[in-house]
Amino acid sequence: MSTTSGTSTGATTPSSTRAKPASKWEAAADWTDGRLGIYSLAKANLRKIFPDHWSFMLGEICLYTFIIIILTGVYLTLFFKPSMAETVYTGSYVPLDGIRMSEAYASTMNISFEVRGGLLIRQIHHWAAIVFVAAMLVHMMRVFFTGAFRKPREINWLFGAGLLFLGMFDGFMGYSLPDDLLSGTGIRFMEGAILAVPIVGTYLEMFLYGGEFPGQDIVPRFFTIHVLLIPGIMLGLLVAHLILVFYHKHTQFAGPGRKEENVVGMPLMPVYMAKAGGFFFLVFGVIAAVSAIATVNPIWSYGPYRPDQVSTDAQPDWYMGFSEGLIRVMPGWEISVWGGHTLNLGVFIPLMVFPLVLAVIWLYPFLEAWVTGDKREHHIADRPRNAPVRTAFGAAWISLYLVLLIGGGNDLIATHLHLSINSITYFVRVSFFLLPVIVFIITKRWCLGLQRRDKEKVLHGRESGVIKRLPHGEFVEVHADLSQADKFTLTAHEQPQPIELPAEVDENGVARKVGRLAKARAKLSEGFFGDSGQIAKPTAEEHAEITSGHGHH
Amino acid sequence: MKKLSARRRHPLAALVVLLLALAATGGLYAAFAPAEKAQADTSAQSLAIDEGKKLFAVGCSSCHGLNGQGTSDGPSLVGVGSAAVDFQVGTGRMPAQQPGAQVPRKKVIYSQSEIDQLAAFVASLGPGPVVPKPEQYNPSTDPAKNAADISKGGELFRTNCAQCHNFAGQGGALTNGKYAPSLEGVDPKHIYEAMQTGPQNMPSFPDTTMPEEQKRQIVAFVRHTENDEPNPGGLTLGSLGPVTEGLFGWIFGLGVLIVVAIWVAAHTTKAKKS
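Protein sequence lines, in the order shown, are assigned to chains G and D. Quick note: the first sequence uses our numbering, first residue 217, plus one each step. Quick note: the second sequence uses our numbering, first residue 7, plus one each step.
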């Protein structure tokens, strides 16, 4: 909770007229405050409260891995040469001795084998990137499933979405820089995708690559975009993201004493500062340990890129894996229109579906806001079970994403599970359409089941494990009544009612015109909050009746 | 002459002439006929073919036919050469256990001398690639030459082999359950023979398209990446590219970090645990 920030502070009063400062530190603080006016800022924010929950730290993992990536990235730029000029390798890695390669590849080999700590830093950079995007996705899922994207946090949701999207592309460009056989294949893939764009594809390709593939320009251009343009935008978005988190204050889960108007937790200073600071070093430690243990992107094994060579297992890093899946399972349709203009649908359709997969989940909050018509602020996070349609939608999206990842790794699944790659591809084609529907239905019913269980617990208490034998011989399990706090927590959530369409005829008996959109909205609202969308939570009256002694327990 | 002449009407004269004529013909034939043919019957090669034929009749003929002519269950072996037999039987692929998309490498059930006998028999059915000699596939004893071979072999490997066998020879998937097997632990001789004969789904690389020297360089590269090279980056994660890296990152990167986050969140200065 931010206290009201004082407007008149010691900033304007010269400290020398006052009593002598107690210590050197105080004098230094006074000096700084007199020039920067940080006292009021610090006073307002140092006691800011953050609620404690492990899932609220997922965003911190993203922040810290991002910092690690920037730190290690700066080190790598000291030695990397973003050039596609040809050179002959004479370094210490014998199996590539005398092989022709680009300066980019040779300098990455140099970083890996000659620069002190180079390989470890490279691996920390790459592993941190892999974890960074994964953490962003999980962080996004946490926000999604708890409904933390609702007003007033919609804009921040979009900032986060932008960070994820940029993070994916910066990762792609990053692993494309060494110009090894794998990354070159990825750049070739991208060329194919650009060429598949109707009408402008060839122009775009020539513009981006500076001529025919591979040309001399793509690595230097990617380098500038990778180290300057995208990280710059990301840094801006990140700051905006954090400012908004500060401004909105963090959401919290329901519980006694927690209201929409307050935040219950620990103050930033000193508790959260210590925890968050410590967590940074834990994150750095884990990433460094992973990087010291396991190889990532062994460019020396891949060899330098040559357009006439290719290796199997040519997949992108995991965050681009779903686009690989889209391409792999798409039938190779190709049609010719207007006398000889080829339309490469086998690549173009996946290219169009690729942003859709992400947009669908990013736009969902706005769909939900429209359906519910809810204009109020929400600072209490939902339990996923209490928003069954939203949870089911999120789970369906995850299933779609995972199916596409399976499609992207179909060859490894085939070899390791001794299956036919064709069968996997057909499975993915069918699952792409079918599985999200199945998962949606199962998840929604699951949530409703959990709601019923919560209701049961509130009304009848929890199972105590104590078996009692009644005088007439019947065995019953004794149910223990929940504490008041638990009952509150389980019933704190709101249960909105579905929107009702106005009566078909008005008071004068004239038929009302109801637009199709309004009808669709009412129908969706019924699906969200109607009888099939939620289980009515227990009321105080129900509870009173059961516990009054007339009930069975 | 008178004596001969007097006895020319003797009842046995015709017989004597006949014997003399036969002796002369036989002697002349023995003197001029090619000697090898006559000696072949008792050589080791002939014995090997005989033994091989017997082994073939027991272990192979049910699919390949008694004379290796092939049946509906197995291809003809006329002209496949001894190298193909040495590879297929020497890696345990043959005799096949069951029909399927591809016959896998398994335990070798024939001894090398039996394999040689089978190879001799199949080679006798028609000319084909022969088992290579050690100097054709063994690495060069000169370290500098060997290093150059490995680097050249790597380039050849990436051009000709990596698209199916993966950049580190870990193998990969082909259509309909077929696959390019891993090259890990494969005998250099068998790698060479595979290139020469093109077993199962593999294309063959005869000396006309890939000279002996290049095959030897590829073998040197495979041997180096499989055995000699310590991996500089730590665990290889199977050398399978970004898929296993992503899996590892999710489980041991993010997974561990989430456990750490739960630990940090669980330890706090709260007066009472809620």
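Among the hints, a few may not be true.
Stated by the list, open to error - Coverage of chain G stretches by chain D, computed from C-beta distances (three or more under 8 Å per stretch; other residues unrestricted): (1) 309-315; (2) 325-337; (3) 491-497; (4) 513-519.
Claimed, not checked - Label-pair restraints from in silico Cβ distances: (5) G:THR306 <-> D:LYS139: 29 to 39 Å; (6) G:TRP549 <-> D:GLY191: 56 to 66 Å; (7) G:SER256 <-> D:TRP269: 27 to 37 Å; (8) G:GLY562 <-> D:PRO209: 23 to 33 Å; (9) G:THR306 <-> D:THR242: 24 to 34 Å; (10) G:GLY427 <-> D:LYS139: 47 to 57 Å; (11) G:GLU476 <-> D:THR242: 46 to 56 Å; (12) D:ASN182 <-> G:VAL653: 53 to 63 Å; (13) G:LEU287 <-> D:ASN144: 25 to 35 Å.
The hints are simulated quantities; they were obtained by calculation from the structure and are not laboratory data. By construction, the Cβ of each residue, glycine as well, lies at the ideal position given by its N, Cα and C atoms.
Status of each hint after checking the structure:
no. : hint                              : in the structure
1   : 309-315                           : holds (count 6)
2   : 325-337                           : holds (count 3)
3   : 491-497                           : holds (count 3)
4   : 513-519                           : holds (count 6)
5   : G:THR306 <-> D:LYS139: 29 to 39 Å : 34 Å, holds
6   : G:TRP549 <-> D:GLY191: 56 to 66 Å : 43 Å, violated
7   : G:SER256 <-> D:TRP269: 27 to 37 Å : 36 Å, holds
8   : G:GLY562 <-> D:PRO209: 23 to 33 Å : 26 Å, holds
9   : G:THR306 <-> D:THR242: 24 to 34 Å : 26 Å, holds
10  : G:GLY427 <-> D:LYS139: 47 to 57 Å : 49 Å, holds
11  : G:GLU476 <-> D:THR242: 46 to 56 Å : 53 Å, holds
12  : D:ASN182 <-> G:VAL653: 53 to 63 Å : 29 Å, violated
13  : G:LEU287 <-> D:ASN144: 25 to 35 Å : 49 Å, violated
In terms of the numbered hints stated before, the structure departs from hints 6, 12 and 13, listed from lowest to highest.
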